[in-house]
Each structure stands twice: as C-alpha cells, then as structure tokens.
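Colleague: The primary structure of each chain is shown beneath.
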Amino acid sequence: MAVPWRLAIACLLLLSAVPERASAQASTIPCSPSADSTEARALFRAGVAASDQERWSDAVESLRRSFELSCEAPPLFNLGAALRALGRHREARDVFTQLLTLDIPQGMRPPAEQFLREAAARVATLELLGVAPDVRPEIAFDGRPVPDDGRRPIRLETDAGSHSLVLRLDDYQPFLWNGELSDGQVERVVVELAPIPVREISSSGGGLDDGVVAILVVGAILAVGAAVAIPVGIILQDEAQLQPLAPDRVITVGD
Amino acid sequence: MRRIALIALIALSAGCTQNAFFELQIELPGAPAEDPESWYAQIQVRDQTGHAFDVNWMGGDLPTVPLTSAARWECISVQSLDASVSLNVRVRFCRDPRCLAFEDSTAPERLYSFETPFYVGARTYYRVQVPEIPICPTGDCVGTPGTCSAGRCTCTADADCGGGFRCEPGVGCVLEVGRCEIEGCIEGGISNFCSTTTGEHFCEKNPEIERNDEMYMCSVP
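Residue numbers (our numbering), protein chains in the order written: chain L, 14 to 268; chain A, 3 to 223.
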C-alpha cells in the first residue's frame, strides 16, 4: 500500500498548526470544528499509527472522527487512503471528492486527484432496468435499504465482491438478485416483477352478487358524469396520444 | 342506462393513449461515386396483410430521398392503433425522383419484415443500415445478401441469403426482425427486448418506460 507517509507526517504537523474554521458546506462527511483541537490531533495521530500498522479499520474510525472534529484536509486525505486500502472504493471516491473541495495544501492535491481517479474507476455499478419511473419499490441492497429518488434506470454503486438485492412492491413477488461484481464492472439487471396470483372468491347464498352491485354503482356514476366526461374526453383525446419523432415523415398503417 | 354507461366509458377512454409509434431508422448508402446518374431511395411501409413482396406496392408513399455522396440516416415514424399489425418494408433505389422511370419497375431493393412492432401507448425503435445499393455490376453481391442475377441481388433459396434472412424466390432476401429485436420500453444497452421468464415484450409489461433518445439517429424536434 503506497500511502505517502511523509505526506501524512507533514499533514500531522500541519493539523497541529491550523486554526479553527467553519465546516465545509458540501461535505459528504459532516464536520464541526471544536474549539480545542487536542482530541482531533490525538485521533489523527492514532489513525496514522494504525495505518502504519495496516490496521485499516481502526485507522478509518480514528481518521473519520478526527475530520468530524476538525474539518481539516489531512485526516480526510488519510481516511481516503485507508478506505482505498480496504477496497472500499466508493467511499474512498466520495472522500477524495470532498477533499478536493477543501482548501488543501498544494502537495496534497496531485495524489488526491490520482487516488480519486483510481477509486472512481474501481466503483462497481448495478443498473436496474425495467422499473417504471412512477413505480417506487422498496429496495434493499446487501441488506440495507436504498432510497429511490425516481431516477431511472436505478443505479446502485458499490465495491467489488458478492452482493444481494431485494426489490419489494405491493402485490408483487419479491425480485431477488445475487451476484459477484468486479472492480469497475457495470452490471445491468432487468427487473421482472411477477404479480402475486389472486385467488378468486366465489359468492354464495341468495343475495345480490357483489359484482352486479359494483356494476350498478359504477353505471350510476358514469350516467351522472357522462355529460361532463364526453366533452372533456374529446379534448383529452388528442393530448393523450403519442407524437411522432419524425413529424414530417409519418406513415399510418393498420387502419 | 346501459347505453349511457357505454357512452361515458367511450368518452372516458378518449383520454387514454390509443396509438403506438414504431420509429424506423434506416441508414441509406451514399450514391456510387463512379455513377454519374442520380439515385433516389423510396421507403415503403405496409401492413403485412395484403402486401406481399412479390407485387409492387402503389400509392401512399413518402417522397423519395436523393442519395448524396455520403451515407445518411433517414427516420420514419410509423403509427398504428392496432398492436396486432406486422410490417413489410421495402427500400427501393430508383433513378427517377418518383420511381417512375422504366428501369424503376425492377429497382434494386432491400426487404424487411417486422413482427408486431406496435404496442399501444408505447414507442418502439429499430435501426438498420443499408451499406450499399444492392446492385452487382461486377457479378457478385458483396456486402448485400443474395446472388447476382441481371445486375440485381436476388435469390432462389434461403441458402443464398444467409442467417436472419429468408428468401422470397425471384424477389430477394428478406431480413426478418422478430418481436424481441424491436427496441422499446426498457433503458440501457440490451439486445433482447423480451422477458426471459415470460417471453413478453417489455412494451407489454411497461409501455410507459421510454428509452432515452441518445440512440435515435435523427434530430428530435
């Protein structure tokens, strides 16, 4: 793991010297500098020491907390490097992206940009095709819920490895996917939601059939609304139709 | 009472999409550089019912397109209200702008059949390239299906045409485009547009999903 430790040590010195300042506005990791930077410095040292011993998970925890308490670039840079070492490229990409929005030392920018490029290229993507924009299934990826913002196709970014996906939608059988993704792979999955079969319940007894009642009620409503529906329907008729992409080259068939 | 309900139902259904568009994109070849005379492409689209390839189709066609020195895409929006319609398409290469020259009665042509490309409320797409006018002045059909006969590429059996084509003896090779090859109603770069589990076309399942227009070869108004 080629983490620039000389840079890390330089950053450590820098961290001890920098004054407090406001949180970065667009931070992916929120931060709030405390008046006393002692704890942030101690956490940064601990994080660097853990990185030195390749205890990457410990390093991630210390460096993340150090950044949260300081809003400074050095712990964020080293956090990105530790995430990269753990193969958590998606998080590393986000950290380096956030880092490059900060006012960082000149010497830190080129390696940060390089790490960002490398991490971004290794992020794996699962693309879910065939889900209509107005359909909002409940999505769980690797057991965690994923919010659906309505953009299609649904794109789930992750790291290389084995993954599982479950989509749930009312009245449909869950859609399951399990698979292996490699670094930088874009896997397209066509989501096919199969409706849960509905068992028909036949009415018994001598009363009026529910279906007949429903038809009568609907019929009555339609009769009342017909006078309004007819002109409205005529107006909507044209607007509801698909329009050609080549309006000057249209052929109609089958009429 | 029943009549009123029927009228109301008809009126309400008027707000629903009832048509379908099949956006056909054909890349026409450039005119042969060594040929001093002009070429025009005529694209004819017909319901398969009553429009076999062994007869000429008359009337109701779009204006021909003059071939230029370079290949170019020509896009046609084919509309139908009937999802059961299959299409026959012929691209004729004529000498006359209206395809009325004497020799245009046997104009070289490329033939396509599309299996049920329409889904009510959905837009479907297909792209096809015609790399060259299907003539064979040197006696070989290079880059176009068929065997050479009297300067035209034609066929007598399927073996003359190659995979994906069927032979209309004496007429030419017909590219058969199956329903699952018709693009539509799913995003992304895939080649099979039918469900692998149910066999349904994606436009039967999700007609409201539009493919993005990045793959459309003509400018969108």
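Careful: at least some of the hints might be erroneous.
[As the list claims (entries may be wrong)] Just a sample of chain A residues kept apart from chain L, beta carbon distances all over 12 angstroms, derived:
id: 1; residue: E25
id: 2; residue: A124
id: 3; residue: G191
[Stated by the list, open to error] Short derived list, chain L residues pointing at chain A, Cβ under 7 angstroms:
id: 4; residue: S70
id: 5; residue: G100
id: 6; residue: L142
id: 7; residue: P160
id: 8; residue: G163
id: 9; residue: L169
id: 10; residue: V179
id: 11; residue: G197
id: 12; residue: R201
id: 13; residue: E205
id: 14; residue: P208
id: 15; residue: P210
id: 16; residue: Q254
id: 17; residue: A259
id: 18; residue: I264
[To be verified] Distance windows between CB atoms, simulated:
id: 19; chain 1: A; residue 1: W75; chain 2: L; residue 2: E170; range: 29 to 39 angstroms
id: 20; chain 1: A; residue 1: G164; chain 2: L; residue 2: D223; range: 56 to 66 angstroms
id: 21; chain 1: L; residue 1: G100; chain 2: A; residue 2: S86; range: 47 to 57 angstroms
id: 22; chain 1: L; residue 1: T138; chain 2: A; residue 2: A73; range: 55 to 65 angstroms
id: 23; chain 1: L; residue 1: R130; chain 2: A; residue 2: D63; range: 26 to 36 angstroms
Calculated from the structure, these hints are not laboratory results.
By construction, the Cβ of each residue, glycine as well, lies at the ideal position given by its N, Cα and C atoms.
Colleague: A separate judgement is required for each hint: does it hold in the structure or not?
Modeller: Okay, the hints, checked on the actual structure:
no. : hint                                  : in the structure
1   : E25                                   : violated, 5 angstroms
2   : A124                                  : violated, 8 angstroms
3   : G191                                  : violated, 8 angstroms
4   : S70                                   : violated, 36 angstroms
5   : G100                                  : violated, 27 angstroms
6   : L142                                  : holds, 5 angstroms
7   : P160                                  : violated, 19 angstroms
8   : G163                                  : violated, 13 angstroms
9   : L169                                  : violated, 14 angstroms
10  : V179                                  : violated, 17 angstroms
11  : G197                                  : violated, 17 angstroms
12  : R201                                  : holds, 5 angstroms
13  : E205                                  : holds, 5 angstroms
14  : P208                                  : violated, 11 angstroms
15  : P210                                  : violated, 14 angstroms
16  : Q254                                  : holds, 5 angstroms
17  : A259                                  : holds, 4 angstroms
18  : I264                                  : holds, 5 angstroms
19  : W75(A) x E170(L): 29 to 39 angstroms  : holds, 35 angstroms
20  : G164(A) x D223(L): 56 to 66 angstroms : holds, 60 angstroms
21  : G100(L) x S86(A): 47 to 57 angstroms  : holds, 53 angstroms
22  : T138(L) x A73(A): 55 to 65 angstroms  : violated, 34 angstroms
23  : R130(L) x D63(A): 26 to 36 angstroms  : violated, 54 angstroms
Of the numbered hints listed earlier, those contradicted by the structure are 1, 2, 3, 4, 5, 7, 8, 9, 10, 11, 14, 15, 22 and 23.
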